[in-house]
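Trainee: One-letter residues, chain by chain:
Protein chains: 2
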Amino acid sequence: MTDASKQIKAAFQGERGAFSEDAARQLLGPMVETLAYRSFDEMFDAVSAGVADCAVAPIENSLAGSVIRNYDLLEERELTIIGETNVRIIHNLIAPEGVRLEDVRHVYSHPVALAQCERFLRAQPQLAAEAAYDTAGSVKMIMERGRPDEAAIAGATAAEVYGAQIIASGIEDNPANFTRFLLLAQPERAAEMATTNRDAERKTTIIFRVANQPGSLFRALAVFALRDIDLTKIESRPIEGRPWEYSFYLDLIGDRHEPRIERALMHLGEMIESIRVLGSYPRHREEV
Amino acid sequence: MTDASKQIKAAFQGERGAFSEDAARQLLGPMVETLAYRSFDEMFDAVSAGVADCAVAPIENSLAGSVIRNYDLLEERELTIIGETNVRIIHNLIAPEGVRLEDVRHVYSHPVALAQCERFLRAQPQLAAEAAYDTAGSVKMIMERGRPDEAAIAGATAAEVYGAQIIASGIEDNPANFTRFLLLAQPERAAEMATTNRDAERKTTIIFRVANQPGSLFRALAVFALRDIDLTKIESRPIEGRPWEYSFYLDLIGDRHEPRIERALMHLGEMIESIRVLGSYPRHREEV
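Here the protein sequences line up with chains A and B, keeping their order.
Just so you know, this note's numbering puts 56 at position 56 of the first sequence, and the rest follows in order with no gaps.
Just so you know, this note's numbering puts 133 at position 133 of the second sequence, and the rest follows in order with no gaps.
Just chain A, with the same shape it has in the complex (with noise of 0.2 Å):
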């Protein structure tokens, strides 16, 4: 970051403990500032008026797909993406201090999260699962309540937040449960926000439409597959209101103001209707 002794303030969506609050401190270090908001919306919201300098968003999940909503807010709204990350989502049964397995019976989390602990709590029959409005404000309830026999279901972030324990660890069915995190500036900030990290390998991701004639989608890509630019993700989505045309979400390798991307997004601009870059941020390449 450009000035060491001034504090990152980054918005994030959800409860303090949230995973979107592991993946802020993953993007910006342990010292950053974090403020939660109740809803993507009001999140875009803090940095457009300048109150947060950057968002972290949520944007897919590996077993949930893609967090549609923030991809329309990218669309309506001005800000940029100038980095990117992947969470391990790593589920735990969370109790206040003292609570054993055996005396649990309610246990509550985000409905998605209970479907990911599925065989967990089937091979517990005596857990009943109960929905609430997210992981990390699930433990924030059960702390609060301080009942013997609830619990909930969250990351350990949430444990620590809230004073809880760990009971069990690592109770999601399938491990290969990532989540990909954006990080989100305004764009006349996005120069100096960006993180610096020049030798690494650069992505762009951005949205266009095509009319859906066969072939429209084959020639847009062409501008990339020409210039031998790798696509790392694609997705079309029906637009509101225009029967059989679509939105694409595209992800490449590459920085835009790479001449060859340049020429390739200049192409695709002559053929297309409507095309915007999102962003070009450092690759986040990890161990998967």
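A couple of the hints might just be wrong.
Stated by the list, open to error - Below, in silico cross-link-like pairs of lysine-lysine (DSSO-like), each with a Cα-Cα straight-line distance of 30 Å or less:
#1 A/K140 / A/K233
#2 B/K140 / A/K140
#3 B/K233 / B/K140
#4 B/K233 / A/K233
As the list claims (entries may be wrong) - Quick partial rundown of chain A residues pointing at chain B, CB under 7 Å, derived from the structure:
#5 G65
#6 S66
#7 I68
#8 P111
#9 Q124
#10 L127
#11 A132
#12 Y133
#13 A200
#14 E201
#15 G215
#16 F218
#17 A225
#18 K233
#19 I234
Hints are computed from structural coordinates only; laboratory data are not their basis.
The C-beta atom is built at its ideal place from N, Cα and C for all residues, glycine as well.
Please arrange chain B on chain A, whose structure you already have, making use of the hints.
Mentor: Frame of chain A; chain B shown alone:
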């Protein structure tokens, strides 16, 4: 259907009155017998075991994106797609007879449904949103409890099924809210179960894997573009445990047994690692 005297049994996931049950009626007529299952896995099992003749599975929502768990099950299991339909998702505030909007304090529903009605809930600050497992299930719950200050958010069918009244209708923020459902059957019963509308345009769904090399997706799509085959959906997804390789879901217009489609699929099979045709079925083409 082949034999009018034999009632078709359709499996769905969720409680009675779920949008999936509406989809089953839309696909198979009002006389279909519907069987409720707790999870998508159990719904697939019911068809494989012959307990149900077919299953009705949500595969994507216009606002929330693809239901990846069902794509996974389609890839892992042996069922084939024999039909599709789109259901408009209309949310309603539902309560026991006699309860007025001004009496309600707690509103139960699935967190996704609550989020889709955020504007309505914000305009009524006396309403506290409470997470529940599913939409129809939350109507069942409030009707069992019969409290004068509780309501639920769900589809109109759920109100009918549980003898509840609709206090406010169409309360979703965004009316462009559709879920696409697939009708699934055992492959050996596909011909017998298939709807007989021979005039309808047909669609085919495939899953394939490509190595992440520049241009590999482009070359895969060439087999369709060269034959003027229209694609209506494409989505990439990382493959578990094989970093930087991708699965693609693809829908195209045409039947797998048309010579042109057959040749395209054969051509695709020559250049990629694995391809699976999930089914060919009449396209649902409504006014969106």
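Trainee: Now, for every hint given, state plainly whether the structure supports it.
Mentor: Each hint, compared with the structure:
1. Under the criterion of a C-alpha separation no larger than 30 Å, the hint pairing A/K140 with A/K233 is inconsistent with the structure, at around 36 Å.
2. Our distance criterion of 30 Å between C-alpha atoms is met by B/K140 and A/K140, whose separation comes to about 28 Å.
3. With a CA separation close to 36 Å, the supplied pair B/K233 and B/K140 exceeds the 30 Å bound.
4. With a C-alpha separation of about 14 Å, the suggested pair B/K233 and A/K233 falls inside the 30 Å cut-off, and the hint holds.
5. Residue-level restraint check for A/G65 holds (minimum Cβ-Cβ distance to chain B is 4 Å; threshold 7 Å).
6. The interface hint given for A/S66 is met, as the beta carbon of that residue sits about 5 Å from the closest beta carbon of chain B, less than 7 Å.
7. Hint on A/I68 holds. Least Cβ distance to chain B is approximately 4 Å, under the 7 Å limit.
8. With its C-beta approaching chain B no nearer than about 6 Å, A/P111 sits inside the 7 Å limit, and its interface hint holds.
9. Hint on A/Q124 is violated. Least Cβ distance to chain B is approximately 16 Å, over the 7 Å limit.
10. Contact between A/L127 and chain B, as hinted, is not supported at the beta carbon level, the nearest pair being about 14 Å apart and thus beyond 7 Å.
11. Hint status for A/A132: holds, given a least beta-carbon distance of 5 Å to chain B, under 7 Å.
12. The beta carbon of A/Y133 is positioned within 7 Å of a beta carbon in chain B (closest approach about 5 Å), and the interface hint is therefore held.
13. For A/A200, the interface hint is violated, the least distance from its beta-carbon to any beta-carbon of chain B being 15 Å, above 7 Å.
14. Given the 7 Å rule on beta carbons, the hint for A/E201 is violated: about 12 Å separates it from the nearest Cβ of chain B.
15. The closest approach between the C-beta of A/G215 and any C-beta of chain B is roughly 4 Å, which is under the 7 Å cut-off, so the hint is satisfied.
16. Taken as an interface hint, A/F218 checks out: its beta carbon lies about 4 Å from the nearest beta carbon of chain B, inside 7 Å.
17. Proximity of A/A225 to chain B holds as hinted, the smallest CB-CB distance being about 4 Å (cut-off 7 Å).
18. Using the Cβ-Cβ criterion of 7 Å, the hint placing A/K233 at the interface with chain B is satisfied: the shortest such distance is roughly 5 Å.
19. Nearest Cβ of chain B to the Cβ of A/I234: about 5 Å, under the 7 Å cut. The hint holds.
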